[in-house]
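Asker: Each chain, written out:
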Amino acid sequence: MKTRRSNVLLQGVLGLAALAFVASPAMALDLKGYDANKDPGLYKYSENFRGMAEFPPSDGMLEDGKALFNKDRSGQSCATCHGEDGEKLVGASTHYPKYDEKLGKPKLIQHQINSCLTERMGQEALKWEKGEQVMLTTYVKALSNGMPLSIQTDGPMAKFIELGKKAYDERIGHFDIACKHCHNTAAGTNIRAEYMSAPDNTGYANLEAVVAKLPANPERERRLAAGAAIGSGSVDHWPIYRTKWGKLATMQRRLRTCNKNVRAVVHDYGSDYYVNLEAYLGSISNGMEMNVPGFRP
Amino acid sequence: MSSGIGKAKIRIPRSIQAGDTVEVKALIRHPMETGLRKNKKTKEKIPAHYIDEVTVEFRNETVLVADWGAAVAKDPFFSFFLQVDGPGVLKITWKDNKGEVYSKTTEVTVK
Amino acid sequence: MSNVMDKPVSRRGLFSTVGRLGVTAALAGGVMSPTGVAVASGHEEKLNKSVERYMGAGEVTYEKVTIDAPIIAENGRVVPVKVTVDHPMTDDDFIESVGIFVDKNPIPFAARFRLKPGQAGKAVVATRLKIGKSSNLRAIARTNNGKLLGGLREIKVTIGGCGG
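Protein chains in written order, with our numbering: chain B, 1 to 297; chain L, 1001 to 1111; chain D, 2001 to 2164.
These aren't lab readings, by the way, just hints derived from the structure by calculation. A virtual CB, placed ideally from N, CA and C, is assigned to each residue, including glycine. Hints are supplied without guarantee of correctness; some may be wrong.
Computed cross-link-like contacts, DSS-like style, restricted to lysine-lysine with a CA-CA straight-line distance of at most 30 Å [unchecked claim]:
1) B:Lys247 to L:Lys1104
2) B:Lys247 to B:Lys213
3) L:Lys1041 to B:Lys260
4) L:Lys1091 to B:Lys130
5) D:Lys2116 to L:Lys1045
6) B:Lys130 to B:Lys166
7) B:Lys244 to D:Lys2104
8) L:Lys1041 to D:Lys2116
9) D:Lys2116 to L:Lys1038
10) B:Lys260 to L:Lys1038
11) L:Lys1040 to B:Lys130
12) B:Lys107 to B:Lys247
13) B:Lys102 to B:Lys38
14) L:Lys1111 to B:Lys247
15) B:Lys127 to L:Lys1045
16) L:Lys1041 to B:Lys38
17) D:Lys2133 to L:Lys1095
18) D:Lys2104 to L:Lys1025
19) B:Lys107 to B:Lys244
20) L:Lys1091 to L:Lys1043
21) L:Lys1041 to B:Lys127
22) B:Lys130 to L:Lys1104
23) B:Lys244 to L:Lys1007
24) L:Lys1025 to B:Lys127
Counterexamples of contact, computed for chain L against chain B with all Cβ distances above 10 Å [to be verified]:
25) Ala1008
26) Asn1039
27) Arg1059
28) Gln1083
29) Thr1093
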């Protein structure tokens, strides 16, 4: 465990070196935060926005997450089992959404946190998408920053990822469009000042292969010049800080808001529908390095 | 969950030599409410709550004073250039329109 | 862009003059649209008062001040703005303060940075602003001699895609 951790630390140091970041001793949190230089999803935004991403408003919020992780809850805290710095959870979040034997279906980190709280600690479950849950989820995810996302896609998970893919490809709502229409067919195009992300893992990795498949057009040149293919992943950099929302938010909020925007039925946070969808999105961004919390307009 | 009012982050370059002029970046956690927004549910105005004065001191001397309006974005960021003649403490103090005063210090080391 | 605006203007007549200069700028550089520079009279009044209150009275010369900001802001809630004043910062000739104003915001005043010569090595400041709608952004720098320099930049603000 020790070696794995120091490995992550080393990567963190390397990542932060360019930013010349100085923390006061009281906040010596040896945890790697968001690294804009490793986020291919920013390639189309302005220089100014990318400059902002190097010092996003979410900087420092992981410390709040750590404080909640160490918060006393009737004599115990998350740290009681998982270590003061969450060292025993390093790498854990790369597998989420993860299959749960007892439930017989995949669960999110939020579910896991809630079951820890209610079943082991006799506490109340955290409210969905409220500050405490989002902060803790972000912190637990960020513990694996720099490690590749590796969601199980075979075995019992295969069925649920298939269901997630079905939800992704299925036309829904008043607009009668599916996720894939915006996020695959129209990926990379502008939607006002923002642009449509593609949740796959092409990112910087398979740049040439991906760009080679594009027809010769300005978009192709642009992507080559920017050094980014179109896929910017999804689960690997969520939760994110979105300027529009002014706070950290999880993938669950994004999925619900997307559904609302296409005038479709909005399901509950953490419902099977969204867990399967998140599992599918995760499966296609598998291999991308965790980079939490991301930053978007 | 509190909004973390009172927290701040300061970034300065790592290796500074005496006489260098370096960019100091700071991020303060604050809602920066304009007083013009309404609560969507209750239709009541959300009272103004924003930082109106920021003072930066380096080696016990005032370097910069910023007066802000409510138009500065939530979780405000600012940067400026500092002439570093030697090591010392950089202190940022901010006051909001409710009279709350907070500060944050960081050590500037020189090679 | 600044070289077409280096004509000194009185602040009272600032906006009509700037309107004309804007046309010139549009013709010369094609950066600024003339309509974008036109300011409704209500705003003009507010802005004039605001500039006078924070930067002091005087004529603003539109030169030597550069604003670095996105042409189209990704989101009006957080718009990064950097102001660079091309002016020395020596003990007897320096920029005393830099003010940033958003013409069409309900409260035009955004921020003012008061600098100390020698300590603040360069007259360069940056911050992030809320900009309600497409508007001119105005940075005004005051020298220790009371001279006002200015820079102007149009910023387009759209609502986030999909409204979500």
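Asker: Honestly, which of those hints from before does the structure not fit?
Answerer: 2, 4, 5, 8, 9, 13, 14, 16, 20, 24 and 25
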